Amino acid sequence: MVKSYSIDMCNGSILPKLLRFAIPLMCSSILQLLFNAADVVVVGRFCGENSLAAVGSTTSLINLLTNLFIGLSVGANVLTARYYGAKENRHLHDVIHTAVALSLISGIILTIFGVVFAKQILQWMQTPKEVIALSTTYLRIYFMGMIATMLYNFCSAILRAVGDTKRPLYYLLFAGLINVVLNLFFVVVCKMNVAGVGLATVLSQCISATLIVRCLLREKEAYQLILKDIRLHTKYVGRILQIGLPAGLQGTVFSLSNVVIQSSVNSFGSVIMAGNAAAGSVEGFVYMGMNAFHQAAVSFVSQNMGAGRFERINKIVVRVMLCVIMTGILLGGLVVLFGEHLLGLYSGKEDVIAAGMIRLRIICGVYFLCGLMDVMVGVLRGLGYSVMPMIVSLIGACGLRLLWIFTIFQVEQYHTTTVLYLSYPVTWLITFMIHVICFCVVRRRYPKR
383 MVKSYSIDMC
393 NGSILPKLLR
403 FAIPLMCSSI
413 LQLLFNAADV
423 VVVGRFCGEN
433 SLAAVGSTTS
443 LINLLTNLFI
453 GLSVGANVLT
463 ARYYGAKENR
473 HLHDVIHTAV
483 ALSLISGIIL
493 TIFGVVFAKQ
503 ILQWMQTPKE
513 VIALSTTYLR
523 IYFMGMIATM
533 LYNFCSAILR
543 AVGDTKRPLY
553 YLLFAGLINV
563 VLNLFFVVVC
573 KMNVAGVGLA
583 TVLSQCISAT
593 LIVRCLLREK
603 EAYQLILKDI
613 RLHTKYVGRI
623 LQIGLPAGLQ
633 GTVFSLSNVV
643 IQSSVNSFGS
653 VIMAGNAAAG
663 SVEGFVYMGM
673 NAFHQAAVSF
683 VSQNMGAGRF
693 ERINKIVVRV
703 MLCVIMTGIL
713 LGGLVVLFGE
723 HLLGLYSGKE
733 DVIAAGMIRL
743 RIICGVYFLC
753 GLMDVMVGVL
763 RGLGYSVMPM
773 IVSLIGACGL
783 RLLWIFTIFQ
793 VEQYHTTTVL
803 YLSYPVTWLI
813 TFMIHVICFC
823 VVRRRYPKR
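Numbering-wise, the sequence shown is residues 383 to 831 according to the working numbering.
Derived by calculation from the structure, the hints in this document are not laboratory data. Bear in mind the structure is a predicted one, so any value in this text is a computation, not a measurement. Where a beta carbon is used, it is the ideal one built from N, C-alpha and C, also for glycine. A few of these clues could be false.
Calculated pairs, DSS-like style, for lysine-lysine (alpha carbon to alpha carbon, straight line, at most 25 Å) [claimed, not checked]:
#1 Lys-548 - Lys-469
#2 Lys-697 - Lys-511
#3 Lys-399 - Lys-548
#4 Lys-399 - Lys-602
#5 Lys-469 - Lys-697
#6 Lys-511 - Lys-501
#7 Lys-548 - Lys-602
#8 Lys-610 - Lys-469
#9 Lys-573 - Lys-469
#10 Lys-573 - Lys-731
#11 Lys-399 - Lys-697
#12 Lys-573 - Lys-697
#13 Lys-573 - Lys-501
#14 Lys-399 - Lys-469
#15 Lys-511 - Lys-573
Computed Cβ-Cβ distance ranges for the label pairs, DEER-style [said to hold, decoys possible]:
#16 Lys-602 - Ala-736: 50 to 60 Å
#17 Glu-470 - Phe-428: 48 to 58 Å
#18 Gly-715 - Val-824: 26 to 36 Å
#19 Gly-690 - Val-563: 43 to 53 Å
#20 Asn-393 - Tyr-552: 25 to 35 Å
#21 Cys-572 - Lys-469: 22 to 32 Å
#22 Pro-510 - Pro-398: 48 to 58 Å
#23 Ala-736 - Trp-506: 23 to 33 Å
#24 Gln-624 - Ile-711: 30 to 40 Å
#25 Gly-726 - Lys-602: 26 to 36 Å
#26 Tyr-828 - Leu-401: 23 to 33 Å
All chains should be modelled from the sequences, with the hints used to inform the complete structure.
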């Protein structure tokens, strides 16, 4: 008997299936984050402060350039889940092959853009002279692996849509171990500095992409990938863009606000940059833990919409919100409690650790607010609304955050990293409350049963 990795999200108890979906996804998301964290740890320990700042300061820029295209995978996720729940296999087949074609096109575009414009964008971000050469080298090598990165993200979105979060976890675990080994080999043995960690990341991304494509090629269910069928179906390109493009634009503008914040951090010098980079890497693990429930909200709501099980939607929302609150409080609290030890993995310098702790205490203490905000975005996307949460997020989170930076933060007595980081929790809370109002309005348009 062939083992089934999919989950029936439309029948039975919700919470056990939600956890069965979210826990492997949480682990795989954290492993994916380890690709960059391993880079930061290795260069921080073996290459020095400038190399640590160079790798860490590129994270917001990488997110800025990739989020638009990764957002398209959300559209593929929603449509795949919708057709899978409705058991419309012909539509399901065409959506999957359109999504894979889009991933290849996205990867090619990102590779060309990232390699050509890396240095210019880093200059716009006020990257210090002692860091910019190293940052440019790392960034260009990183973007050479974009085809593999996009392919993995789109294929894993397809598997998430049917409830399979276990196999992506296995593939990332293997690729993550390879990444750590190659990091140490290229940096410690070959003395390649940031070029070594960049190359290790690219090779590990290629491995994870190869494994997940092989998985879909061997699949026996309706979501099997057939190489000769990979092409753009105009009908589904439009639908994927309708849902995915607003999601991508939202992620891009979010990252743009983070780039502005990174530019503000850069103005405080390399010590603050290094502390901020290390703290950002640590808090990323908390975010990925919560983000698993955002992904669960998208897939569970989408499948139940496709199956016409409207009575389950409110139950899904309540359970996902409770899970994300518990996860945010638990992981965020642990990070604050053991923050100095965690930051010590990245740098042994006390001033760098002290700078990082300022960020961790402010952000991780109330990080569950960010999780709640993201969950409501996922719910609205699962219902088929993507423009609405995009507009709310852009105004509520990004707009207010930029307003904070260009007004309050510019006042001399408030021109500190503490005030800068406070822009995050304030905008999370406001945006979450508006998303809840939007959900209440949208939910009334569908029958209770």
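25 Å Cα cutoff - pair Lys-573, Lys-697: This hinted pair is violated, its Cα atoms lying about 54 Å apart.
25 Å Cα cutoff - pair Lys-573, Lys-731: holds, 22 Å
25 Å Cα cutoff - pair Lys-548, Lys-469: holds, 22 Å
Given hint Lys-469 paired with Lys-610 - CA-CA distance at most 25 Å: holds, 23 Å
Cβ distance range 26 to 36 Å for Gly-715 and Val-824, holds or violated: At roughly 33 Å between Cβ atoms, Val-824 and Gly-715 fall inside 26 to 36 Å, so the hint holds.
Pairwise hint evaluation, Lys-511 against Lys-697, where the allowed Cα distance is 25 Å at most: The hint is violated at about 53 Å.
Distance restraint between Lys-399 and Lys-602, which requires alpha-carbon spacing of 25 Å or less: Holds, at roughly 22 Å.
Pairwise beta carbon distance, Asn-393 to Tyr-552, judged against the given window 25 to 35 Å: holds, 27 Å
Pair hint outcome, Lys-511 versus Lys-573 [Cα-Cα no greater than 25 Å]: OK: Lys-511 and Lys-573 at ~22 Å, within 25 Å.
Holds or violated: Lys-511 to Lys-501, with C-alpha atoms at most 25 Å apart: Holds, at about 11 Å.
Pairwise beta carbon distance, Cys-572 to Lys-469, judged against the given window 22 to 32 Å: violated, 53 Å
Hint consistency between Lys-573 and Lys-501 [alpha-carbon to alpha-carbon, up to 25 Å]: Roughly 23 Å separates the two Cα atoms, so the pair holds.
Against the hints set out earlier in the document, violations occur for numbers 2, 9, 12, 21 and 25.
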